[in-house]
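Below are the chains, spelled out letter by letter.
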Amino acid sequence: MSSDVNGATVDRMAGVDPLPGVAKPDPILVVDGVRRSFGGLTAVDVEHLEVQRGTITALIGPNGAGKSTLFNLLTGFDRVDSGTWTFQGKQLNGLGGHRIAREGMVRTFQLTKALTRLTVMENMLLAAPGQTGERILGSFLRPQWRKQEEANRARAEQLLERFKLLAKKDEMAGSLSGGQRKLLEMARALMVNPTMIMLDEPMAGVNPALVQSLLEHITALRDEGMTVLFVEHDMDVIMGISDWIVVLSEGKVIAEGRPSDIRADQRVIDAYLGSGYEESGREPQTDTGESHE
Amino acid sequence: MRRRLVTVLLAVVTAILVTPAVAVADTQGGETLNGQIRKPETVAGIDITVFQGDEEIGTATTDSEGRWEVALPGPGNYRVVLDEESVPDEFVVADQPGAEHADVNVRPGQQRTVIFVLAYADEASTEPSPSQSSDDADDGAGAAASDTEDGLAAPGVSSNASFGTKAIQLTVAGLLYGLIIAISAVGLSLIFGTTKLTNFAHGDMVTFGALMALLVSGMTLFAGLHTAVTNLLADVWLLGPVLGFVTRPMVLGTVVAVLLGAALGAFLERFIWRPLRKRNVALIQMFIVSIGLAMVLRHVLMVAFGSNRMSYPDFQLQAMLRLGPIAITPRDLVLMILSVLVLVGVAALLQFTRVGKAMRAVSDNRDLAESSGINVDRVTLYVWTLGGALTALGGVFYGLNQIVHWQMGFHLLLLMFAAVILGGLGTAYGAMVGGLIIGLVAQLSTLWFPSQLMNAWALGLMIIMLLVRPQGILGRRERVG
Amino acid sequence: MDILQVLADATRSAIGPVAAVYALAAIGLNMHFGYTGLLNFGQVGFMLVGGYGVAVSVSTFGLPLGVGFLIGIASAVALALVLGLPTLRLRADYLAITTIAVAEVARLIYRAEFLRDITGGVYGLQSFSTAFYQWNPFPSGTYGFGWLSFSARDLWVMTVTWGLVLVGSAVMWLLIHSPWGRVIKGIREDEDAVRSLGKNVFVYKMQSLIIGGVFGALAGAMLVVNQQTITPDQFMPQVTFYLWAILLLGGAGRTLGPVLGSVVMWFLLSVTDSVLRQLIATDVITFIASSEIGGVRHALVGVALLVLIIFRPQGLIGNRKEMLINVK
Ligand SMILES: Nc1ncnc2c1ncn2[C@@H]1O[C@H](COP(=O)(O)OP(=O)(O)OP(=O)(O)O)[C@@H](O)[C@H]1O
Ligand SMILES: [Mg+2]
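Protein chains in written order, with the numbering used here: chain W, 1 to 293; chain R, 1 to 481; chain H, 1 to 328.
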């Protein structure tokens, strides 16, 4: 369940059964039999998973469920033991992290990776794709990349404004607070112009007021056609903006469905939410927040 | 492609700056012939004459260090003759390479070394020919500095032995070499495991151990003690021989060296590394600190002990034992047995004792170990102490097996790195396995390739390992995000 | 003690050709470590292949000196590939270990007996730099004033080497102050982050390794041209440690850091040398023989590295603010 810009609720996943591994009408990402184990521990073992294009999909599960590992595998930062996955129909097995990012699948890290001794603006500019000046000989042709640089700078400023970082643009990224780094990392990922963005706990440590505005931003991105896959532990956030939720436990997908389905799913309650959640029955605040708009 | 263009660009700049002109023979003179008579010991007062054709070019007499030098008029072929009349009575000229080098070629500007070898007169007939004998007269002229660099081929392997015999001998030598590398490298790996520090000064801790043993074993005090004990207790059953052995200067020296090595390890951890960790100094910077430390330690040792190659007074000349097809000196046999015992002991320590388990736990995951109540600082101190002791022991063994030299540890360091990378950085058992492999590869390579390159093969193996399995034989891949 | 003489010697050494050579090699190291964060502990290996590229081409094969320089540079590119291919995908310390190992292996190979006909083995090679000196535009004589004068030959070597330093610094500045340099610096901070933004980190690191290596090779070539001889054992790992001390002294990650570092370093080394020598000559110090001054000097460089890293990690002209952020 989610709200679109004008406040009306639309179900973007209409007609899809809430079953683990269910097929979606227009999947942008299809994962098949992806496994990864560390020594004796099987961290990820996903038989089949599809992510619908143009939706916000949440990936939830207890600590150590394998969410970050799955992110690492899909984005080329770790190697699968077995399995394949395709993004927009293209098989991505064995491609390096940078190749997958260029395919349009850009991720952020759970432990932020700000480029500390670069300024916030440099962090942003670095992310812009297709720069002439980034090639070694191109770097000598100043006039050639100057114009491109100006355009990128303008776009970066817009994003920084949105993420409340514009005032900090000339500060070293290393001087930012933990929450600000999360924001910078998200803004930087967006600077790449991704088709699909994968956020690993983007809201951890970000203050509630800003969370609200970021959620709006993410929803807006979705409405522009971007696909969002994110890991989050905050149930209010998850229930508030997700079109679809995938539950991972001990490396396996144990449930999938709309927020309402997940809330009612006994296995999820046992594995993750705990009994307290259902009984309290409280409505996610974000829904109310948004409906006032 | 672009890269190549830049290279070409730079090259063009250079070429413009340095346009070639017609090459003319360099008139920079300075050709000399020189050498040092130091086998079996330095001998002064020996006359050496240099001829070109029949013309006498010059004569020199060896100085107190056995050195001589004759300046030459220019490049060319010379004949160098040692005057046997001038050799003191107690020596004779060794058969190889003899008293005359008939055809020594000197290139422009070259300062060429010519080797003469003497032998004790009374042993001349029985003494085996020196190792240079396998080279031809021209190649035998290794500069004095050069042989400290080259890998030392297994002793006792004569060049005309059959391939099988050589292979067996080299395997034995390789095992011993590998065991020594393993002993020294365990500490390196454990230190890396517990503190993530790549300790560049580890090689110089090896040298430290070897030199401390040299210092102690050379002290007359201990030699006196040994004589006294052997004299007093010679006839006492069991106690006599045991105490006699235990008080041998070399044995005492080893014990003291190991203790000092442990103390050095503990000292470095307590007064350098722990404070740096507390200041949150980045790992890269710690690494550079260890390089600075290595330079200080190495050169202080050099200034203190001199830059000559030395050997321990004890356990030097020994007859080969024959065990089936294997020929080995009792010394090397004992070293091998001791090394195996030490490594088994270390493994047992890590596997079964509380402190050993704690070491492995910290090595596995420092934060987790800390949160589960292990005193990480104390364990790290133990690791350094153990590492320092083992490293010193490795140094003594290495010195006994080969030579003692201020750079010995540095040469061993690269092999230790190769061993720990091969076995898996941070795992103690990996260092042992890696050490053995490295030792064997280095020695066995001399079956086919020049012994000068034996360490190169070992390092090459490390690079191949990085290509195919960077985490090493026993290592684990790291997590990224 | 003749202080004026000591200072005069030190000044000459600080602006002499050797200081320029070390500055050039340190510029390469600055590219590696200062900007890209690559722990190259085998810079001397690049100097070695550069020097031998010139010496072997000219001395052994009779090629023109210019071709020798090109071959030296090509050797550096090849060496960078050998070093980079196995290690640039791995954690930083693997590169450190591999570089120092490969530089040593290279030295062992160049001095090996079986290559004696080509490299001159342990004796090295001579007479390959005649062309360079024939091209000297300065008429013979001495230049300068009083205690600070150089022969025409020295002046010529200094002009070319410092010229290369100047060109090198300019190239470096242009590279670093471009989007390419931004990526390189990003890699220094966190290569996974840069990779996640779609940059081919491996290629950038390789480019950096090659560029820095080429500077090393040029330095090696100028070093042996200045000496007019080459021997393998002058390319010991200590040279690399000197370069690190120079870089850290001047300030890593600053265009002029390596240049300033080299000048100051050679000034200080010369002062220490002369003072030690005079103290030994006058029997003030008796526990060191004059033949051991080299060892003492190495030890002092070691101390300098320690002290710099601990107390002034940013060097003389580094950015203190940047350094403090260092949270890696
Ligand atoms: N490199 C590694 N080596 C060993 N074990 C690992 C490694 N990476 C992950 N694991 C293990 O895999 C499991 C899954 O970890 P992962 O980080 O994917 O969990 P997660 O779902 O992201 O948890 P959280 O919600 O706490 O972030 C954990 O048990 C973790 O210990
Ligand atoms: Mg996670």
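The set of hints was computed from the structure by calculation and includes no laboratory data. There may be inaccurate statements among the hints.
Claimed, not checked - Pairwise CB distance ranges, derived in the manner of DEER restraints:
#, chain 1, residue 1, chain 2, residue 2, range
1, H, PHE138, W, ASP170, 44 to 52 Å
2, W, LEU95, H, ASN136, 51 to 59 Å
3, W, GLN91, R, ASP377, 48 to 56 Å
4, R, ILE337, W, GLY94, 44 to 52 Å
We put the CB at the ideal spot given by N, CA and C, even for glycine.
Here is what the structure says about each hint:
Remark: the range hint 44 to 52 Å for H/PHE138 to W/ASP170 is upheld by a beta-carbon distance near 48 Å. Remark: the range hint 51 to 59 Å for W/LEU95 to H/ASN136 is upheld by a beta-carbon distance near 55 Å. Remark: the range hint 48 to 56 Å for W/GLN91 to R/ASP377 is upheld by a beta-carbon distance near 50 Å. For the pair R/ILE337 and W/GLY94, the beta carbons lie near 49 Å from each other, so the given range of 44 to 52 Å is met.
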